[in-house]
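*Asks:* Listed below, chain by chain, are the residues.
There are 2 protein chains.
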Amino acid sequence: MERTEIGELGEFGLIGRLTKDLTHQQPSTLRGVGDDAAVLDPMGKRMVVSTDLLCEGIHFDLSYVPLKHLGYKAVVVNLSDICAMNAVPTQVVVGLGLSNRFSVEAAEELYEGIRLACEVYKVDLVGGDTTATTSGLTLGITAMGWVEPDVVVGRDGAGDGDLLVVSGDLGAAYMGLQILEREKEVYQAAPTAQPELDDFAYLLERQLKPEARVDVIREIADLKLKPTSMIDISDGLASEVMHLGTSSGVGIKVYEDKLPIDGKVYDTAREFNLDPTLCMLSGGEDYELLFTIRQEDFEKVRNHPKLTVIGHAVAAPDAFTMVTKGGTEVPLQAQGWDGLRNPQEGPQTD
Amino acid sequence: MERTEIGELGEFGLIGRLTKDLTHQQPSTLRGVGDDAAVLDPMGKRMVVSTDLLCEGIHFDLSYVPLKHLGYKAVVVNLSDICAMNAVPTQVVVGLGLSNRFSVEAAEELYEGIRLACEVYKVDLVGGDTTATTSGLTLGITAMGWVEPDVVVGRDGAGDGDLLVVSGDLGAAYMGLQILEREKEVYQAAPTAQPELDDFAYLLERQLKPEARVDVIREIADLKLKPTSMIDISDGLASEVMHLGTSSGVGIKVYEDKLPIDGKVYDTAREFNLDPTLCMLSGGEDYELLFTIRQEDFEKVRNHPKLTVIGHAVAAPDAFTMVTKGGTEVPLQAQGWDGLRNPQEGPQTD
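Residue numbers (our numbering), protein chains in the order written: chain B, 1 to 350; chain U, 1 to 350.
Derived by calculation from the structure, the hints in this document are not laboratory data. It should be emphasised that the depicted structure is a prediction, and the values quoted were computed from it without experimental measurement. Check each hint, because a few of them may be wrong.
Which copy is meant is left open, because identical chains are indistinguishable; a pair holds if it fits in one copy or across any two.
Unchecked claim - Cut-off 30 Å, straight-line C-alpha distance, at most; resulting in silico cross-link-like pairs (DSBU-like, lysine-lysine):
#	residue 1	residue 2
1	K264	K20
2	K253	K306
3	K122	K45
4	K45	K226
5	K20	K209
6	K68	K300
7	K20	K224
Chain B on its own, in the form it takes in the complex:
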C-alpha cells in the first residue's frame, strides 16, 4: 500500500485531492467547496440543519471499522437527523481532523465513504474544513435539508391517544456491534484465525453501514400522512420514546409483542445470552424513525411493510411503560449509550 504523508501535500493540496471531481445533484446548491462559504437557494422552503461531532475512541473503533464505512456512517447518521424532522436531506459540510498517524490514502478512503453516502442519498457535499489533530480522527458533520413549511415535524406534537409507529426493525445494529467485538477478541487471541462473519451479514451491515430512512420520509409523503411528532432512533427505542413523550408532554405505552425484530437478531441475542427485547429497547444505532400519528390515520399504516404500530400516547405525562408479552405493565428504562458517562462502553450520537 502506498503511503503519502499529509504534510507532503499540505492542507490545500489535501483538500484539492479529496474534493476533486465533486459534483452537485441538488438544484438548491448554487456554490459548493472552494470559497469562504457555500451558497444555497431555499427555493421557497424552510431549512432544517443538524450537526454531529464524532471522535475516535468514543464513537468508533478503527480496529474493526474500515475508514470507508466510517465515512459513510458519519454522513448517514446526520442525514437521519434531517429525516427525523420529516425533511429530505440535501447538503452536508464536513470537518475532518487527522493526526499524522493518517496518510493521504487513509483520508481518501474515508472521503470515499463520505462521497458514496452523498451519492446514494443525492446529497451535495458543499463545504468543509480539513485540519491536523494532535491525536486521533475527528469528524464534524453538519447536514441540511429543505422542507415545505407545513411538512416539518418536531418532537413536540404528540397528543393523547396518538399511535406510536416505528420503521424497519430494531436491535440489529447493537447485535452487529456484539459480533464485531467478539471477533476482535478472537483476533487478539489468535491473529491467524479466520473471522466467522458470513452468517451475520445483516447485523454487521446494520452496524457498519446503517441507512437513513429517506425512503420512509418519501412514503409518509406519498401516504399523505402528517406525523404529529417524530425522532430518529440513535440511542435506543426506550430513550427516544421518552424524548418524544417528554417534549410533547404526554406519556407513552409500548407493547413488547409489537416490537419489530429480525429473526437473526433474535437468535443471535439468545446465543449471546442477551434479552432480545432489551436489545431492541436499549441497543441503539438503528437509525429507524419513531413517530406518532393520529388514530384516524391508522388505515394508512396498517400492514405497511416498512411500518409497525408499537404503542400509543397516554394523557399522563412522564408515564413511559411497556406492556410485556406476559401482560404486565412495567416502567420503560432508558439505558441509551451515553458517550459522556461511559466513554469505553459504546457509541453515542444524537
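Could you slot chain U onto chain B? The hints should help.
*Replies:* Here is chain U on its own, set in the frame of chain B:
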C-alpha cells in the same frame, strides 16, 4: 473553584445546563436547540454556510488562551467566513468535544464565550452536539447567514484593473501571539513573575478576541458598493491575495507603502526583530476583509476610515507581486500558517 465532573450530569444534563436560557434574536430562526434539527426560515434570501473544526494543540493552546476567549474566537472566525461572502451571519451550530480533563464548569466557561459572541453579533445558537473525546478539546462550528441573491460575492469575480481593498489593519493578531508566547516562556522559567501585558492590549485583543467585520459588510451595503470578489484574511494577506487572484484568473499587485499597520504593531515587530511587512503579509488571523472593487467605485472607498486601497488586479494570471517601499517589484510569497504541515507552529483556519 467548584469542579463538577461531566459524567455526573451525563450528555443530556450537560446540554441542558449549557443551553438553558438560550434566546433567539433572528426572525429567521423558527426552532433551535432541543430537537433533531433546527428549522430556519429563508425569508426570500439565499443561504450561506461555512464550517470549521478547531482542535486543541493545533489551533489553540489553553495554557495561554482562556476558555471563554476560545469560545468567543471560535464563533467569530466562522462568522468571518460568512462576512467574506458579503453576507451577514445569523445562526450557528456548535459541536463540542471534551475529554474528562474538563469539568462542567470549564464547559460552561467555554459556552459563555460562545454565547457572548452570539449576543454581540445577534447570531442565534440553534443546535449542537456535545460529546466526549479521549483527549483534548475539539470545537466544530458551522455558521450560516442569509443574503439577497444579487448581493453574494465569491472569490472568483475580480477583473483586470479592479482595485484591491482591505479593511482595518494587519499583523496585530500575529504580534499578539508573539507576546503570548514570550510570556509563556517567561512564566515557565519563573512562575511567580508578573506578566507584562498592559502595553500590548490592542495586540492581545486582536489575537485573543478577534472580531468579524460585520460592520464592514453593513458599510459596504450603505455605500451601495458591490465588490467583485472577496475573502477574509485568516492565513495572512499574501496567501489570501493569491486565493483571490487564482480563483478569479487574474494577477494582483500590492503596494508595500499602502499596507495598513497599527503603530504599536510596527514598534513591537521591530522590538522582536521581525519585519513589520512580513508580519502583515504572513501573520494571519487578522480576520479583516480583502476584496476587489471596480475602478469607478474608487470614490466610495477613498479616505474611508475602515478601508484602504492596497493594490490592483492585473491581466496576467498568477502574477502576484509586491512593489516595495524602495520601488522594486518582488514576487509575493504565501507563508500562511498551515496546520497540516506545521502543527506546532501556529493556528490555521480557512
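*Asks:* Please go over all the hints and tell whether each is borne out by the structure.
*Replies:* To see whether the hints hold, each was checked on the structure:
no.	hint	in the structure
1	K264 with K20	neither (41 Å within a copy, 43 Å between copies)
2	K253 with K306	within (21 Å within a copy, 63 Å between copies)
3	K122 with K45	both (18 Å within a copy, 23 Å between copies)
4	K45 with K226	both (17 Å within a copy, 27 Å between copies)
5	K20 with K209	within (24 Å within a copy, 35 Å between copies)
6	K68 with K300	neither (38 Å within a copy, 52 Å between copies)
7	K20 with K224	neither (40 Å within a copy, 36 Å between copies)
Comparing the model with each earlier hint shows violations of hints 1, 6, 7; every other hint is respected.
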